[in-house]
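Please work from the sequences and hints to get the whole structure.
Protein chains in written order, with this note's numbering: chain A, 1 to 390; chain B, 1 to 96.
Calculated directly from the structure, the hints in this document are not laboratory data.
In silico BS3-like cross-links for lysine-lysine, where the CA-CA straight-line distance does not exceed 25 Å: (1) K273(A) - K310(A); (2) K23(B) - K193(A); (3) K85(B) - K41(B); (4) K34(B) - K73(B); (5) K218(A) - K299(A); (6) K63(B) - K34(B); (7) K60(B) - K34(B); (8) K154(A) - K299(A); (9) K9(B) - K191(A); (10) K218(A) - K3(B); (11) K254(A) - K285(A); (12) K85(B) - K60(B); (13) K193(A) - K9(B); (14) K193(A) - K5(B); (15) K5(B) - K218(A); (16) K310(A) - K299(A); (17) K380(A) - K310(A); (18) K308(A) - K273(A); (19) K254(A) - K241(A); (20) K242(A) - K185(A); (21) K218(A) - K9(B); (22) K242(A) - K154(A); (23) K154(A) - K9(B); (24) K154(A) - K218(A).
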Amino acid sequence: MIVARTGNEAMAEAMRQINPDVVAAYPITPATEVVQLFSTFVHDGTVSTQFVPAESEHSAISACVGASSAGARVMTSTSSQGLALMHEILFIAAGLRLPIVICLVNRSLSSPINIHCDHSDSLASRDSGWIQIFTENTQEAYDTTLMAVKIAEKALLPAMVTTDGFIISHGMERVELVGDAEVPKFLGERKAKTSLLDVDNPITLGALDLQDYFFEHKRSEIDAMNHVLPIIDEVQKEFGKKFGRNYNTVDEYKMDDAEVAILAMGSTGGTGKVAVDRLREQGKKVGLIRCRVYRPFPKGAMLKAVSKVKVLGIMDRADTMSTLGGHLYNECRSILYDSEERPIMKNYIYGLGGRDISIEEIEDIYAELFNIQKSGEVDKEIVYYGVRGE
Amino acid sequence: MKKEKEGWKELPIGLVLEGGSSKRFETGDWRSEKPIWDEKKCTNCFICWIYCPDSAIIVKDGKVQGIDYRYCKGCGICAEECPPKVQAIKMVREEK
Numbered sequence: 001m002i003v004a005r006t007g008n009e010a011m012a013e014a015m016r017q018i019n020p021d022v023v024a025a026y027p028i029t030p031a032t033e034v035v036q037l038f039s040t041f042v043h044d045g046t047v048s049t050q051f052v053p054a055e056s057e058h059s060a061i062s063a064c065v066g067a068s069s070a071g072a073r074v075m076t077s078t079s080s081q082g083l084a085l086m087h088e089i090l091f092i093a094a095g096l097r098l099p100i101v102i103c104l105v106n107r108s109l110s111s112p113i114n115i116h117c118d119h120s121d122s123l124a125s126r127d128s129g130w131i132q133i134f135t136e137n138t139q140e141a142y143d144t145t146l147m148a149v150k151i152a153e154k155a156l157l158p159a160m161v162t163t164d165g166f167i168i169s170h171g172m173e174r175v176e177l178v179g180d181a182e183v184p185k186f187l188g189e190r191k192a193k194t195s196l197l198d199v200d201n202p203i204t205l206g207a208l209d210l211q212d213y214f215f216e217h218k219r220s221e222i223d224a225m226n227h228v229l230p231i232i233d234e235v236q237k238e239f240g241k242k243f244g245r246n247y248n249t250v251d252e253y254k255m256d257d258a259e260v261a262i263l264a265m266g267s268t269g270g271t272g273k274v275a276v277d278r279l280r281e282q283g284k285k286v287g288l289i290r291c292r293v294y295r296p297f298p299k300g301a302m303l304k305a306v307s308k309v310k311v312l313g314i315m316d317r318a319d320t321m322s323t324l325g326g327h328l329y330n331e332c333r334s335i336l337y338d339s340e341e342r343p344i345m346k347n348y349i350y351g352l353g354g355r356d357i358s359i360e361e362i363e364d365i366y367a368e369l370f371n372i373q374k375s376g377e378v379d380k381e382i383v384y385y386g387v388r389g390e
Numbered sequence: 001m002k003k004e005k006e007g008w009k010e011l012p013i014g015l016v017l018e019g020g021s022s023k024r025f026e027t028g029d030w031r032s033e034k035p036i037w038d039e040k041k042c043t044n045c046f047i048c049w050i051y052c053p054d055s056a057i058i059v060k061d062g063k064v065q066g067i068d069y070r071y072c073k074g075c076g077i078c079a080e081e082c083p084p085k086v087q088a089i090k091m092v093r094e095e096k
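Shown next, in the form of structure tokens:
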């Protein structure tokens with residue numbers, strides 16, 4: 001079925017079809033609609049979910065942890081400060097290996113207070129042990145929400161699927177929906193090995209773990225992350241085969257003969273693809289790489305993609321506050337360290353607090369990348385693109 | 001001899017342990033002071049039993065039997081709460 005949906009509506013629609021056992025949530029702009037719409041499904045009886053309207057995001061994710069420990073399929077949604085308030089519990093959910101899924105709408109973290117998109121909220125949680133997938137458009141947000149449940153339950157790790165605040169969350173697009181009956185068939189039932197509510201087989205969960213066992217448990221959690229990429233590949237393949245839409249951990253666009261490329265995450269991937277098409281019409285060999293799966297970092301696929309070009313412009317919609325540039329820039333420099341041939345890299349920190357990035361600006365960045373290719377030199381490796389006073 | 005501790009691959013996934021595992025965690029070795037219970041002075045009022053945060057006062061057939069040193073952390077609450085007229089519990093330095 002083809003419908004017109006905003007990103008939030010599409011994620012809520014996916015949640016309706018998933019029909020989770022429990023959704024515990026607290027509303028926050030711009031993610032409010034996801035759970036607001038979902039609560040109407042609960043009210044109308046179109047889902048059989050136990051809905052817990054919590055008094056804060058910390059409580060919401062804590063209720064998710066409890067329900068997931070009982071073996072339930074659990075989802076929630078949040079944004080920015082909400083995710084920051086969940087921060088403490090994010091690590092616990094991952095450590096307890098609970099496959100909770102968060103529909104996360106990217107919004108910048110205070111201060112200054114702002115409600116618009118950048119990636120500072122999700123990236124501040126990058127070390128929490130959650131799988132993180134950044135989507136480019138409404139269709140992908142919908143599809144990835146469906147896939148994330150399966151990925152999380154196979155990996156026994158929690159996952160967050162992100163959309164860019166307002167750009168995707170409130171932008172209406174054409175979305176192709178999977179049939180209602182197809183979703184339960186695709187996902188199957190969650191089969192938890194243990195349940196906190198199983199009084200005949202009582203368990204202790206999350207006991208104190210000191211110098212003698214903490215490291216072993218952490219090592220096992222790290223190992224779980226090592227197994228995630230093949231699981232994502234497998235689920236993406238199955239989804240593509242069943243529903244005809246194919247996804248990769250790293251999305252390559254017109255990269256086969258590209259000389260220069262930009263690497264980005266989220267909706268900028270879509271804006272960049274239009275810029276690529278325009279420049280291709282002028283015969284310029286440009287390509288685009290989009291990091292779809294950010295945690296775990298898809299090293300193999302990323303190396304393959306970035307190694308194709310001579311010059312790479314890396315666009316980060318957040319800063320690490322380390323004076324070393326953005327997240328993608330640092331990770332790409334790190335994975336390329338052992339390569340004999342590396343592209344020249346330049347980091348563009350852009351779009352903080354929802355500052356718009358236009359097709360023309362991306363074309364401008366491509367022009368700069370060609371200049372770098374010609375001269376073989378980068379004068380400034382990290383720039384703040386689109387900020388006044390530079 | 002103590003059993004060798006498991007490596008990370010042998011541990012159950014997700015910090016799940018069997019129920020009641022704290023029973024195996026003998027916190028008595030944290031103790032620096034030790035309660036000594038005097039059977040002759042004890043009136044079996046059970047105030048120590050009510051207050052003990054570690055359920056370390058052993059009671060059998062309606063009578064206090066002594067202290068479970070496997071779990072007693074030596075906090076001294078029992079000695080403090082034992083009525084002044086009774087003074088059946090005294091704290092002494094733990095010698096190990």
